[in-house]
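Okay, here's what each chain looks like letter by letter:
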Amino acid sequence: MPEHNNSKQPLLTVTDLKQHFPIETGFIFKKQIGAVRAVDGISFSVYPGETLGIVGESGCGKSTTVRSIAQLYKPTSGSVWFNGLDLVNAPQDKLLIARKEMQMIFQDPYASLNPRMTVRQIISEPLTIYSNRNMLDPPMGKQEIEGEVEELMERVGLNRLFKNRYPHEFSGGQRQRIGIARALALNPKIILADEPVSALDVSIQSQILNLLSELQKERGLTYLFIAHDLAVIEYISTRVAVMYLGKIVELSASGELYHNPLHPYTKALLSAAPIPDPEIERKRKRIILSGDVPSPNKVHKGCYFYERCPNRMDHCATNIPPMKKISDNHEVACWLYQ
Amino acid sequence: MLNHKNGKTKQEKATNEFNQIVVGNSLSKDAWRRLRKNKMAVISVILVSIYILLAVTAPILPIYPYDEIVIDHQDLPPSLTKTAGELMRDKELAKMYAQAWRQGRLVVDEATNEMLEDWVSRSKVNKVWDYLLPEGNRQLESGTFTWNASEQRSIDSREKRIANEIQISIEKMWLKDEQGKLSDVKHLETDEIVALYAKLLGVQANLLVDQYTYEIEMQLLKKIKAESTGLTDDEYNMMLRDQLDSMSTKNYDALVKENIYEKIASTIKDMAMEQLGTEASQAETTYPLNEKVAVTEYLTASVKATKMHDRRYYLGTDSLGRDMLSRIIYGGQVSIAIGFIGTLTSVLIGVVLGSLAGYLGGKIDYFIMRVVDIMYGLPYMLLVIIAMAIFGRNILNLFFALAIISWLTISRMVRGQIMSLKNQEFVEAARSMGASTPRIIFKHLVPNSLSVIIVFSTLRIPSFIMTESFLSFLGLGVQAPYASWGSLVGESVGGMTLYPWRLFFPAIVMTVFLFAMNFLGDGLRDAFDPQSKNQL
Numbered sequence: 001m002p003e004h005n006n007s008k009q010p011l012l013t014v015t016d017l018k019q020h021f022p023i024e025t026g027f028i029f030k031k032q033i034g035a036v037r038a039v040d041g042i043s044f045s046v047y048p049g050e051t052l053g054i055v056g057e058s059g060c061g062k063s064t065t066v067r068s069i070a071q072l073y074k075p076t077s078g079s080v081w082f083n084g085l086d087l088v089n090a091p092q093d094k095l096l097i098a099r100k101e102m103q104m105i106f107q108d109p110y111a112s113l114n115p116r117m118t119v120r121q122i123i124s125e126p127l128t129i130y131s132n133r134n135m136l137d138p139p140m141g142k143q144e145i146e147g148e149v150e151e152l153m154e155r156v157g158l159n160r161l162f163k164n165r166y167p168h169e170f171s172g173g174q175r176q177r178i179g180i181a182r183a184l185a186l187n188p189k190i191i192l193a194d195e196p197v198s199a200l201d202v203s204i205q206s207q208i209l210n211l212l213s214e215l216q217k218e219r220g221l222t223y224l225f226i227a228h229d230l231a232v233i234e235y236i237s238t239r240v241a242v243m244y245l246g247k248i249v250e251l252s253a254s255g256e257l258y259h260n261p262l263h264p265y266t267k268a269l270l271s272a273a274p275i276p277d278p279e280i281e282r283k284r285k286r287i288i289l290s291g292d293v294p295s296p297n298k299v300h301k302g303c304y305f306y307e308r309c310p311n312r313m314d315h316c317a318t319n320i321p322p323m324k325k326i327s328d329n330h331e332v333a334c335w336l337y338q
Numbered sequence: 339m340l341n342h343k344n345g346k347t348k349q350e351k352a353t354n355e356f357n358q359i360v361v362g363n364s365l366s367k368d369a370w371r372r373l374r375k376n377k378m379a380v381i382s383v384i385l386v387s388i389y390i391l392l393a394v395t396a397p398i399l400p401i402y403p404y405d406e407i408v409i410d411h412q413d414l415p416p417s418l419t420k421t422a423g424e425l426m427r428d429k430e431l432a433k434m435y436a437q438a439w440r441q442g443r444l445v446v447d448e449a450t451n452e453m454l455e456d457w458v459s460r461s462k463v464n465k466v467w468d469y470l471l472p473e474g475n476r477q478l479e480s481g482t483f484t485w486n487a488s489e490q491r492s493i494d495s496r497e498k499r500i501a502n503e504i505q506i507s508i509e510k511m512w513l514k515d516e517q518g519k520l521s522d523v524k525h526l527e528t529d530e531i532v533a534l535y536a537k538l539l540g541v542q543a544n545l546l547v548d549q550y551t552y553e554i555e556m557q558l559l560k561k562i563k564a565e566s567t568g569l570t571d572d573e574y575n576m577m578l579r580d581q582l583d584s585m586s587t588k589n590y591d592a593l594v595k596e597n598i599y600e601k602i603a604s605t606i607k608d609m610a611m612e613q614l615g616t617e618a619s620q621a622e623t624t625y626p627l628n629e630k631v632a633v634t635e636y637l638t639a640s641v642k643a644t645k646m647h648d649r650r651y652y653l654g655t656d657s658l659g660r661d662m663l664s665r666i667i668y669g670g671q672v673s674i675a676i677g678f679i680g681t682l683t684s685v686l687i688g689v690v691l692g693s694l695a696g697y698l699g700g701k702i703d704y705f706i707m708r709v710v711d712i713m714y715g716l717p718y719m720l721l722v723i724i725a726m727a728i729f730g731r732n733i734l735n736l737f738f739a740l741a742i743i744s745w746l747t748i749s750r751m752v753r754g755q756i757m758s759l760k761n762q763e764f765v766e767a768a769r770s771m772g773a774s775t776p777r778i779i780f781k782h783l784v785p786n787s788l789s790v791i792i793v794f795s796t797l798r799i800p801s802f803i804m805t806e807s808f809l810s811f812l813g814l815g816v817q818a819p820y821a822s823w824g825s826l827v828g829e830s831v832g833g834m835t836l837y838p839w840r841l842f843f844p845a846i847v848m849t850v851f852l853f854a855m856n857f858l859g860d861g862l863r864d865a866f867d868p869q870s871k872n873q874l
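Just so you know, the protein sequences line up as chains A and B, in that order. Position 197 (the first sequence) corresponds to 197 in this note's numbering; numbering is contiguous. Position 123 (the second sequence) corresponds to 461 in this note's numbering; numbering is contiguous.
Just so you know, the hints here were simulated from the structure itself, not pulled from any lab data. Check before you lean on any hint, since a few could be wrong.
[Unchecked claim] Once the Cα atoms are required to be at most 20 Å apart in a straight line, the calculated EDC-like pairs of lysine to aspartate or glutamate come out as: (1) Lys31(A) <-> Asp703(B); (2) Lys642(B) <-> Glu612(B); (3) Lys74(A) <-> Glu763(B); (4) Lys701(B) <-> Asp108(A); (5) Lys607(B) <-> Glu596(B); (6) Lys524(B) <-> Glu509(B); (7) Lys760(B) <-> Asp108(A).
[Claimed, not checked] Which stretches of chain A does chain B cover? Using the computed rule of at least three CB atoms under 8 Å from a CB of chain B, they are: (8) 159-168; (9) 198-208; (10) 257-264; (11) 273-282.
We treat Cβ as the ideally placed atom computed from N, Cα and C, and that holds for glycine.
With the rest of the complex left out, here is chain B (with noise of 0.2 Å):
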């Protein structure tokens, strides 16, 4: 009988007296139904969710490593058109004629030297590389300057070098048996890779083991000193034989394995470079390359090499040669992951303590107020600041000493709204059918003060971004080689005036985010509130 009416149920839809389909409508699908009349708020949401999507595709995104420094490819501008080579070389150029000028053998007429010399004592000494660049390329042409023999010498070299140097990477290495048959070196146990490893070198394995043994207790001394701090050596020692003598062998092995798989690659590596370098002066192979190449008899590697100077950085490079444009998405990561993680943290502490202290007032309410009164008399940078300093520099630390410090607001804000609605007759008639008191908060109370959460979480996340981006600026945020935007900002500021786009991308990048926060906040607020008028 039941199951009938249940059955029948699903096929039937209510209507209205002129037999349309009346579906439910909750608040909260009214609230969307307004966020996208509201154009700035969608324009918001698009760009968030396009930032969103750009940071957690990092790494299968078609960028260079945020980490790999070039040396070569230092403060290089951002070009659409040139690739790194091209502008390394025009930078030097640009350095030498400026050498020239200085020395007197490249001439221009007075004006022109006046104008030098008026940008050179305003420390603008980009304009004078910038305007002698074109202008030594036209005398050398004509014939009126010409390169002394060293300057030709090294301006040889360094075509030479933009020509030819590669850069490689093993990606997967196979060892090839008396059959023919290839085995991942990956696979092979550890006292065969050992003997692999041994023969490459033209060594007896024995040999090995002191090595070895020596490199992973110095990398063992060395986790072990970065996780407890102000022991003696003594100690330290004490600690590293302790854990040498519980680690089974199968894990010893594994770090063994781990060690010799290293060399081997490395050893490869400079193999296949020594391969690829006379084979590239003789122009036979096309870049970039990726293929299995067979480096000895017995070894195959699967090889990929790119022309190094071939390398294109649309947003420039850093002071280390890194390229601009995955450090930014790479600090993007960071930065919109301390935003999102560090509201949700304080989300949750804010809403569990505040609608406690709401709920039930009295002495826990007393006692929940009174704790955030005082934790807000207390400087707030200073508590980041000394909680960083306790618990030392790293990414969780950070969104910890943000997290303890930013529930203040947000409970005060939920008691508020939760006080306010405790006393509603709903309330009362859930407590009258007997639900628990977890069921009236996390049931009735929460969720009736929801947009307001919604809404100061979203006008929350640009916030911790900031003071994230502060703390990063005054070296106290992320550490190298990791970034975020305010790292990024807080490093390039002091090349600001000879490398502008080492600190214009990353703070366009980071204000564009910002504001579409601030809007897609107003939006909800808005759209949560319709009788509200406060509309930007």
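Chain A with its partners taken away, still in its complex shape (with noise of 0.2 Å):
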């Protein structure tokens, strides 16, 4: 697994990132009476050529977090830095160029494509977006988009041939190439990955998982990977972050995170996994959290994880805990290590 050099510049940075949904009530004056923190302050930064996993329960703001980097949502507060142009409070114009370098795979291969679309017209809209912004470099014209499409589902695994049909002639794992080819066309330096193989079959999954790594390989991706499944962020991650009800409660190198879970919840989560071997299965002891996820409507004065934790301490309830680093490659959000 190869170690990222931290002299290297960050390719993305995000710092204090906030994205809260108002709870809005009243007929005609609306008036927020509170808001559903989906991420509450998060900060981390994704290195050219890594993939940056980031796991958690669902519910936890992966999701948002990702759309809240690409701008689909505008977040309430935090920066995003992307190739030296902060995202959140960047003009449109700037936010098209950086949009080009930045694409999505999504978690729903059935609702990610347009139904009324074909494959063809799915994968060359980013390059006729593009094209007709005048923002294409080099130019292209109508037969080289149509070539360079046939050349992206070539590589993507699919037979150009099918190019005139629709997404609903295709499985799902077909359908998740689709995704990934559109998501190439601009050539973009970071795609970002909003669980892209958690709704396909185990064996779908690692054939998707495979294309992807293959391709970072090719083209010196970086990914930014969420996924709910531990083995998925273990085989394509080179540092994880476990994300707990908006926040990040630790970041490390995958390796380094599988063998050495420090935060409570990390250790809970990883003895979630089950193993597959009956015998280790049958012995290991798996730690049981008690209690629900607390709403996200809340407004915590101690840490996020304080009513769940097994190692809870007094000073925990009203401190929040800021992230330390441990080791070279590894934070941690936790009162236990300060």
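Two independent chains are provided; combine them into the complex using the hints.
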């Protein structure tokens, strides 16, 4: 597993990103009575060529993080620096230039492709959009776009003769390949992958993961990869961030995290993953967390994990733990290690 | 390299594992296949196509003009075998027998008398006529009844008219010069045409100037008065002066030419009528006639002439002697056009506003939806009636009035569709690749709600036709001499008992069309939404 070099410039830097969705009431005059704190102040950097995996249970804000970075939602506060540009406050034309370098792959291969468009139209759409805005370098004509689409289809393992077919005529794995081809069309630097394999069969998952890592090697891509499957994350990531309730609790190199988890939540999460060996599985002791995930509407004074933490201390109830660097490649937000 | 590759693609076909050729199958293609399996929908499609075809080709169909009034042919019943002359004779004879019966000259037995009296008291005069016509004819033959002298005279004169009366139209006129060369009168210069008319009348050309100047001014004044209302006569005259001053000589000449040409045509028509009238009595010509006739030694005209009373009215005539068949076809033109154009405009407005409201949300959505709510609150008919009263009663205003209030439902529906679609991942994908708002709305969202829009518009067309019919029935719709199905029904309700065909035919034609549209709409809905079980 390649160690990332700290002297390298990060490609994407997220600083204290917050995404709160207002809860409003009132008939004509809307009044805000609270907010869903989907992402509540997270910071991390992604370096060129690496894969940063984000893992966490459902509803912890993984997808929202990615969508806020891609500016599909306007973040409440914080900044997203990409290519020397703060996307949060960037004007529309600058944002368009940045978007060309930053593409997304979506979770649901059935919902992420327009059912009224042919595969050709879907894959060529980003090219058409940028070509219409005269922002392609070099400019491409209709013929060239057509050729590019065929090349992309073959690259992701689809028969190019299927370009005139509609998404509903493909299987889930094939559709996800279409989605990947679409993300590759503009030749981006970074791909934000929002649980790209969680909706697929296990056998198809490995094919897609292999395709993604091949493409990474070939094109020098950087991935921000979301999953809730720990095995998937272990396979594809160089570094892993563990999220809980809109916050990053632990950020570490992939191998380090799996062998030496520090945060109580990470430990519980890892212990929940089954081991495909019945002998070990039977002997293994699971850490079972008590209680439910608290509502993300709540404002926390102390550690977000306090209510469910097996190692909680009085100190944790009133103080929010900062991220602390334990070793070169390992950060954790927990009072146990301060 | 690239071209080579593309060239190859054209010959290659996508095949499946069994080596069968696979073609892309869009959702709309699928829906079309399902629609074709629905028998009622297919019949409806055929019916609607026939209606549209008839409405579009109306001007070239061999039917009488829809606005041609023939006073002699009032209220003739539909008949496939009898000519207008025969029907007219029967009708007049029946009336005369009825009169004779009233006067006691036509004697029937006691029981029949009572029956006839009963019909009269229940105002079923048509039954009396129907009974007395064969009865009178029988008595006339057996000699128990004879016409008196004045009746016989009117019968004779009518028979003569039926035999001889012709109808003439002048298609084209040519002026013959000394060498015998023909030149089209329509292409003559203005002064030449004026000179020709003067020659025809046998007067000096300059004597005509006063007359046509006056007539053209009157014509323009009439136009000005129609365009702007509520001014004084002085103001109208001033507007007329302005218009005349600003008019170029060429345009004015064109007006003069038009005026004189029509006069020549009507003079020639009279002269040709005179010539043919004598010929007809000599039974030399065969009708219908369509040939060039030398009307004077210097004027030749192409004359179309038919025997007036040889006409056939398959669906009868109305109270002004106009052919019901052609009025129904032309009425269908107006009704179908209102249905389609009204729906089209309302769908355009509704889709644009609805999708903007649904996609943008927030204040824009709030504003548009409150406008819709307010307009929903106002009574629909009242708004149309007010609009018609303010903007005047013509067909364009009717389109406009119907369109401005009928986009409400569709905009709400489209908004709902768009709101459910806009959080789908493919829309997020489009946004993440930098697609503009119009592109997302019109390339991604609207195509995906198209099936709902199509179904709704199809079901909307009949309701437009109904609304138009209702307005025409009230007298607010199309104005005479134009017809629509609604106005035909409206006009004929008065004579319903005596002339039922005037009501029956437009009503049945309209009902069939509305049924077909409804079945088509239902078929489309089932085709686009195969899961729905609400089939008729």
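Of the numbered hints stated earlier in the document, which are not met by this structure?
Per hint list: 4, 9, 10 and 11 violated.
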